[in-house]
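Undergrad: The primary structure of each chain is shown beneath.
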Amino acid sequence: MTSAEGFAQANAQVGYNVQTFSTFPSQIRGGPTWTQTHISTSPVLTAGDDLDVLVAFSREAYDSHSAEVRDGGVVIYNSGEFELEESGNTFGMPFDELARQTGNARAANMVVMGALAFLVGINQEILEQFVTKRFTRGRPGDEQIISANIEALTLGRGEAEKRGLVIGELGTPTPVEGEQILTNGNVAIGLGAMAADIDVYIGYPISPASSLLIWMLSNLPAPGKLAYQATSEIEAITSIIGAGYAGKKAMTGTSGPGISLMGEGLGLAWMAEIPLVVVNVQRGGPSTGLPTKTEQSDLLTSLYPGHGDLKIPIIAPGTVEECFYAAVHAFNWAERYQGPVIILSEHILSDRNQNIPKPDLSKIVTENRKVHEGSNGYERYESWELSPMPIPGTPGSYVANGSEHDGMGDTTHLSERHVQMTTRRFSKLKLLEDGEFESCNADASVVVMPWGGTKGSAAAAYDQLVMSGSDIGWRYTMFINPLPAELLDELKTKDLVIVPELNYMGQLSMVLRAEGINAQSITQYTGLPFKVGNLVERIGAMAESRKQEGVTV
Amino acid sequence: MTMKNPEYDFKWCPGCGDFGVRRALEGAISRRTIEDESPPENNVVIAGIGCSGNMVHMLEGDQPYGFHGIHGRTLPVAMGVKSSNPELNVVVVAGDGDFLGIGQEHIAPQAARNLNITAIVMDNGVYGLTKGQSSPTTNMGVITNSTPYGKTEEKIRPFQMYLTMGVSFVASTMSSQVKRMSGLISDAMNHPGFAIVHVQSPCTEYNNTFEALKGNAKKGIPPLAYDVPDDHDESDLRAANELAIDSGVPLGVLYRDTSRQTLDQKIDEVTAKAKEKTTASLLDALSI
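Chains A and B are the protein sequences, given in the same order. Position one of the first sequence corresponds to residue 2 (this note's numbering), numbered consecutively onward. Position one of the second sequence corresponds to residue 247 (this note's numbering), numbered consecutively onward.
Please note that a few of the clues may not be correct.
In silico DSS-like cross-links for lysine-lysine, where the CA-CA straight-line distance does not exceed 25 Å [as the list claims (entries may be wrong)]:
no.: 1; chain 1: B; residue 1: Lys523; chain 2: A; residue 2: Lys359
no.: 2; chain 1: B; residue 1: Lys377; chain 2: B; residue 2: Lys397
no.: 3; chain 1: B; residue 1: Lys521; chain 2: A; residue 2: Lys134
Just so you know, the hints here were simulated from the structure itself, not pulled from any lab data. Computed from a predicted model, the values in this text were never measured in an experiment.
Turn these sequences into a full structure, and let the hints guide you.
TA: Next comes the structure, spelled out in structure tokens:
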């Protein structure tokens with residue numbers, strides 16, 4: 002764990018709201034990695050824009066990030082590693098040497114945490130409690146380790162105190178109502194899948210979806226429950242198709258090139274009407290792209306992953322908490338309409354740790370597919386609408402077919418069958434139009450509607466704009482396809498729907514325009530999330546120019 | 247799935263080897279239904295794409311479940327079905343193009359896992375449905391419509407490949423020997439592990455090898471096919487490899503290893519080591 006994550010965890014334990022975001026290069030050891038932590042007495046929407054404190058472990062880190070430190074912010078650098086000119090707000094301390102003084106060379110993170118705590122006026126006790134909890138593991142050396150770590154905290158604190166630097170005082174935390182958990186987006190999806198009674202998870206390692214596979218491999222296995230590492234994404238998707246066909250609730254997870262490889266399988270699941278869930282944790286693309294950076298550039302490929310007429314249902318969570326509920330809904334949708342559903346997550350969610358309200362399992366509603374419980378000779382596809390699905394091993398033999406088929410599933414080229422089955426497959430999407438959505442300032446004619454992980458920074462920007470007097474509305478949903486019917490109707494009446502999104506093409510606004518909505522994107526394709534300040538400016542300017550247009554027309 | 251479906255308009259050519267494979271498979275499924283008192287719906291036939299893939303629609307009599315998926319991916323679909331319900335009898339039917347060409351990457355992993363299914367490979371040495379392109383088992387130098395000046399690749403030797411990859415039951419047969427083939431398919435279904443029944447199933451239109459397989463004394467053509475010798479030890483991998491490298495087509499069981507655990511058994515074994523976790527306990531562990 003990094004100092005930033007440890008610091009976040011310690012603070013979450015005493016009731017602060019925390020959010021972290023990490024990024025790292027695609028290599029096993031070394032290279033520039035950083036973790037950003039945002040701590041607040043009120044709920045945190047983003048990992049933060051400008052830095053109050055930069056902790057630079059290396060020269061490279063300092064060079065890359067020193068420009069992000071706000072006026073009056075502080076830089077702590079590792080003087081055991083490199084030298085900088087000390088100035089009013091910049092000071093060095095030898096992280097590793099101070100750690101060695103405690104007798105525990107691995108306590109460098111604690112040295113840093115001690116210094117950080119002093120800078121923002123956090124009581125040392127909070128960190129001492131954290132250390133004690135973390136290292137009380139019932140092992141013989143526990144006490145020694147705890148005292149060394151506490152000493153490291155004190156040494157770090159002392160270094161900061163010597164400089165007399167303070168950057169403000171974090172208010173007393175007001176413990177959040179209800180129980181909280183600290184987790185990241187991939188684990189939240191795993192927990193949601195378990196809450197929805199997942200039976201089978203088969204995946205192939207790929208950043209940033211691997212942590213979901215690993216979590217499933219260690220937590221899902223039980224009698225009748227299977228987690229398995231496949232030999233490719235093609236094997237992963239086709240084997241969960243087999244599992245879904247055999248009656249199981251099945252899931253795979255992937256990213257980037259993996260979703261491309263799963264395209265043909267997703268088309269098969271759509272065509273043969275097999276319930277399953279695919280998690281696409283987006284990274285930068287195309288091709289190998291940016292494996293460890295964030296981007297929202299897979300919307301179109303997730304909607305239309307295969308050839309032919311198809312449109313895959315998509316749920317795109319915008320927060321770690323929503324990742325949990327997205328997984329529950331995705332399984333419910335897959336079972337309800339008997340077909341594939343994609344959870345469109347992002348690196349910014351999978352690698353973000355955040356405190357979220359602990360889901361109340363007694364309130365989770367899980368749906369199961371309608372199963373054929375009759376005799377043989379049943380024609381699963383005969384109806385123009387959803388019909389019960391036979392499960393192998395029980396009467397009702399049919400052919401699940403990727404070729405166009407008749408009621409029994411036998412291949413056919415008849416035009417009237419292709420018309421019937423195409424209509425049938427699309428009509429089932431209507432069963433999914435019941436998603437919830439957020440709405441503020443409902444009557445405003447200009448509306449901001451982000452999607453996915455851009456929700457946090459867009460919400461923070463929206464709040465600032467409204468505070469400063471902008472008359473704009475807010476809409477948000479994680480149910481991207483199909484959009485909630487009522488939301489779609491509302492959006493059609495708006496003068497302008499502004500869609501901040503992390504891609505070049507402006508993918509969601511393209512989809513909305515195709516629905517007859519006047520939507521325009523604000524795009525960014527840096528591999529990093531939006532900064533709030535940047536969005537305030539750009540949303541403000543777009544809304545303003547629209548209003549001026551309105552006057553001249 | 248029955249001959250009486252007027253909407254289903256696919257036909258095998260007269261004399262196609264796949265007709266024989268159909269009768270052999272129907273026989274094996276029906277024996278299972280009677281002998282094991284296992285209902286037809288406990289059988290799942292998973293087909294690839296090509297002439298052979300239509301097997302799932304052509305079967306007559308008691309209907310098994312069918313899956314007609316995408317080209318080359320029969321084995322992973324079968325893994326998903328079998329590991330979801332180990333009680334099912336899962337049979338893959340695929341051609342040489344589907345199984346050994348586009349789908350070849352899936353053979354070795356299932357051999358390593360010893361997935362407990364039966365794969366019937368209908369080898370006609372050509373892509374028939376797309377009208378005559380060369381396939382992995384087409385001989386080098388042969389002129390087809392995709393090799394107008396002769397095929398430049400050596401043909402794959404399926405038996406050597408299966409044995410090297412660790413397939414635990416390897417049988418060889420030809421489509422004209424329906425009764426014997428049906429017995430081999432039953433053996434394969436009863437084998438605990440990954441069983442392949444490789445069938446020479448000639449394409450009368452593009453690659454008619456009946457004469458080459460059976461020979462023609464009048465024309466002085468010696469038969470390629472011959473019976474596996476009576477004294478062949480099926481459990482001996484070296485002996486199986488001797489047959490596999492032979493230039494002819496040995497008919498019978500080349501290799502049978504019943505000592506290995508199946509994937510289902512292995513999964514049960516490792517699952518027993520896992521501490522069963524509830525969603526509630528996992529949430530509690532993350533509590534702040």
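Undergrad: Determine for every hint whether it applies to the structure shown.
TA: Checked hints:
{"no.": "1", "hint": "Lys523(B) to Lys359(A)", "in the structure": "holds (17 Å)"}
{"no.": "2", "hint": "Lys377(B) to Lys397(B)", "in the structure": "holds (16 Å)"}
{"no.": "3", "hint": "Lys521(B) to Lys134(A)", "in the structure": "holds (24 Å)"}
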